[in-house]
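Novice: The lines below spell out each chain.
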Amino acid sequence: GQQLNQSPQSMFIQEGEDVSMNCTSSSIFNTWLWYKQDPGEGPVLLIALYKAGELTSNGRLTAQFGITRKDSFLNISASIPSDVGIYFCAGPNFGNEKLTFGTGTRLTIIP
Amino acid sequence: DSGVTQTPKHLITATGQRVTLRCSPRSGDLSVYWYQQSLDQGLQFLIQYYNGEERAKGNILERFSAQQFPDLHSELNLSSLELGDSALYFCASSVVGEAKNIQYFGAGTRLSVL
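Chains A and B are the protein sequences, given in the same order. In this text, residue positions in the first sequence follow the numbering used here: the first is 54, and each later residue adds one. In this text, residue positions in the second sequence follow the numbering used here: the first is 536, and each later residue adds one.
For the record, the hints were derived by calculation from the structure and aren't laboratory data. Be careful, since some hints might not be right.
Unchecked claim - Label-pair restraints from in silico Cβ distances:
(1) B:T548 <-> A:G93: 17 to 25 angstroms
(2) A:N111 <-> B:E617: 38 to 46 angstroms
(3) B:S573 <-> A:T161: 18 to 26 angstroms
(4) B:L596 <-> A:K104: 24 to 32 angstroms
(5) B:S614 <-> A:S110: 18 to 26 angstroms
(6) A:S110 <-> B:T540: 25 to 33 angstroms
(7) A:N146 <-> B:R598: 22 to 30 angstroms
(8) B:S614 <-> A:P134: 38 to 46 angstroms
(9) A:G93 <-> B:F604: 37 to 45 angstroms
(10) B:T555 <-> A:K104: 23 to 31 angstroms
(11) B:S647 <-> A:A105: 41 to 49 angstroms
Said to hold, decoys possible - In silico lysine-lysine, DSS-like type, Cα no more than 30 angstroms apart, as pairs:
(12) B:K544 <-> A:K123
(13) A:K104 <-> B:K544
(14) B:K544 <-> B:K592
(15) A:K123 <-> A:K104
Unchecked claim - One side of the interface only, derived from the structure: several residues of chain B facing chain A at Cβ under 10 angstroms:
(16) V539
(17) L546
(18) R553
(19) L578
(20) N586
(21) G619
(22) Y639
The C-beta atom is built at its ideal place from N, Cα and C for all residues, glycine as well.
The shape of chain B in the complex, shown without the other chains:
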């Protein structure tokens, strides 16, 4: 168990809909990262938050947004969903500020857009 909790584990929805994925980081970790993994692909970085503020952005679509709350949990919002958004979405957390940047991953949310 990595200590990173993601909910829900599975999500099935229709095109055009909006969903919210939730992530609780490991206790003490201030930084949260979101990654997308399409079928048989590597992990693609979407966005990073540190202590409530956006810190880095990857190839995240404008239809996607995220935020980190005062209790450090994070939510990834996906709107106007398309078939191609079907993927595994992972959250990771780390203690930023250390030279050793170890990211610990949650079990992921599998999104299926029908």
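Isolated chain A, as found in the complex:
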């Protein structure tokens, strides 16, 4: 089945730093979704991407749909404490609606 690999697995940064993470797939996706999960909570949708090459922003967050359709990138600028959490990429499996989730990137801000 399809797998989504995220890197890095974890990040330790200082407040104010920019963050970059990516998600790669062994097969093509037509939609890329980026979710954030706070401890003990459900994933919350951050950005949705529908077209190869698309670049979409949501405040300090920017995500891109890779040209090959096998990868996606998420950048966070000027990180703040509330950015702490786990970031997941996800995409619907071809032909149906269920989502395959990536392995997650855990973001920690060092005081």
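On the provided structure of chain A, position chain B as indicated by the hints.
Specialist: Frame of chain A; chain B shown alone:
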């Protein structure tokens, strides 16, 4: 607030028992999905219902079952519970039929099997 409601928020039970998790989707959403998240793991798809009918199945154990009722709420039944079933269980809903498949997640039910 995603609009998806899950109850209960926490559930503690013993091995061998049976529990029912409940999910109310967002108003207007016909499709409900169930996911399992074990400690520090990603979300694993269990099952999807659309307008009362099972639509897709993932790696769901035979001890687990689900259903979607006419009012579109859904229940996930877990039986003969084992220690390894301890996890967060999430429900999500979406408007199927749209090209843009946005799933909105509830806050989850944390199941602890002792």
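Novice: So, for every hint listed, does it hold in this structure?
Specialist: Hint by hint, here is what the structure shows:
1. The given range of 17 to 25 angstroms is respected by T548 (chain B) and G93 (chain A), whose C-beta atoms sit roughly 19 angstroms from each other.
2. Between N111 (chain A) and E617 (chain B) the C-beta distance comes to about 40 angstroms, which sits within the given range of 38 to 46 angstroms.
3. A C-beta distance of roughly 21 angstroms is found between S573 (chain B) and T161 (chain A), which places it inside the suggested range of 18 to 26 angstroms.
4. Remark: the range hint 24 to 32 angstroms for L596 (chain B) to K104 (chain A) is contradicted by a beta-carbon distance near 38 angstroms.
5. With their beta carbons about 46 angstroms apart, S614 (chain B) and S110 (chain A) fall outside the hinted range of 18 to 26 angstroms.
6. Between S110 (chain A) and T540 (chain B), the C-beta spacing of about 30 angstroms keeps the proposed range 25 to 33 angstroms intact.
7. Checked against the given bound of 22 to 30 angstroms, the beta carbons of N146 (chain A) and R598 (chain B), roughly 24 angstroms apart, stay inside it.
8. Roughly 42 angstroms separates the CB atoms of S614 (chain B) and P134 (chain A), a value that falls within the hinted 38 to 46 angstroms.
9. For G93 (chain A) and F604 (chain B), the Cβ-Cβ distance of about 27 angstroms falls outside the hinted range of 37 to 45 angstroms, so the restraint is violated.
10. Between T555 (chain B) and K104 (chain A) the beta carbon distance is about 41 angstroms. The supplied range of 23 to 31 angstroms is therefore violated.
11. Between S647 (chain B) and A105 (chain A) the C-beta distance comes to about 43 angstroms, which sits within the given range of 41 to 49 angstroms.
12. For the suggested pair K544 (chain B) and K123 (chain A), the alpha carbons sit about 36 angstroms apart, so the restraint of at most 30 angstroms is broken.
13. Using a Cα cut-off of 30 angstroms, the hinted pair K104 (chain A) and K544 (chain B) is violated, with the two alpha carbons roughly 37 angstroms apart.
14. With a C-alpha separation of about 24 angstroms, the suggested pairing of K544 (chain B) with K592 (chain B) holds against the 30 angstroms cut-off.
15. With a C-alpha separation of about 12 angstroms, the suggested pair K123 (chain A) and K104 (chain A) falls inside the 30 angstroms cut-off, and the hint holds.
16. Proximity of V539 (chain B) to chain A holds as hinted, the smallest CB-CB distance being about 8 angstroms (cut-off 10 angstroms).
17. A least Cβ separation of about 14 angstroms between L546 (chain B) and chain A goes past the 10 angstroms threshold, and the interface hint is therefore violated.
18. Contact between R553 (chain B) and chain A, as hinted, is not supported at the beta carbon level, the nearest pair being about 24 angstroms apart and thus beyond 10 angstroms.
19. The interface hint given for L578 (chain B) is met, as the beta carbon of that residue sits about 4 angstroms from the closest beta carbon of chain A, less than 10 angstroms.
20. Against a cut-off of 10 angstroms between C-beta atoms, the interface hint on N586 (chain B) is violated, since the closest Cβ of chain A lies about 13 angstroms away.
21. Because the beta carbon of G619 (chain B) sits about 20 angstroms from the nearest beta carbon in chain A, more than 10 angstroms, this interface hint is broken.
22. Annotation: Y639 (chain B) was flagged as interfacial toward chain A, and the flag holds, the nearest CB pair being 7 angstroms apart, inside 10 angstroms.
In this structure, the earlier hints numbered 4, 5, 9, 10, 12, 13, 17, 18, 20 and 21 are contradicted, and the remaining ones agree with it.
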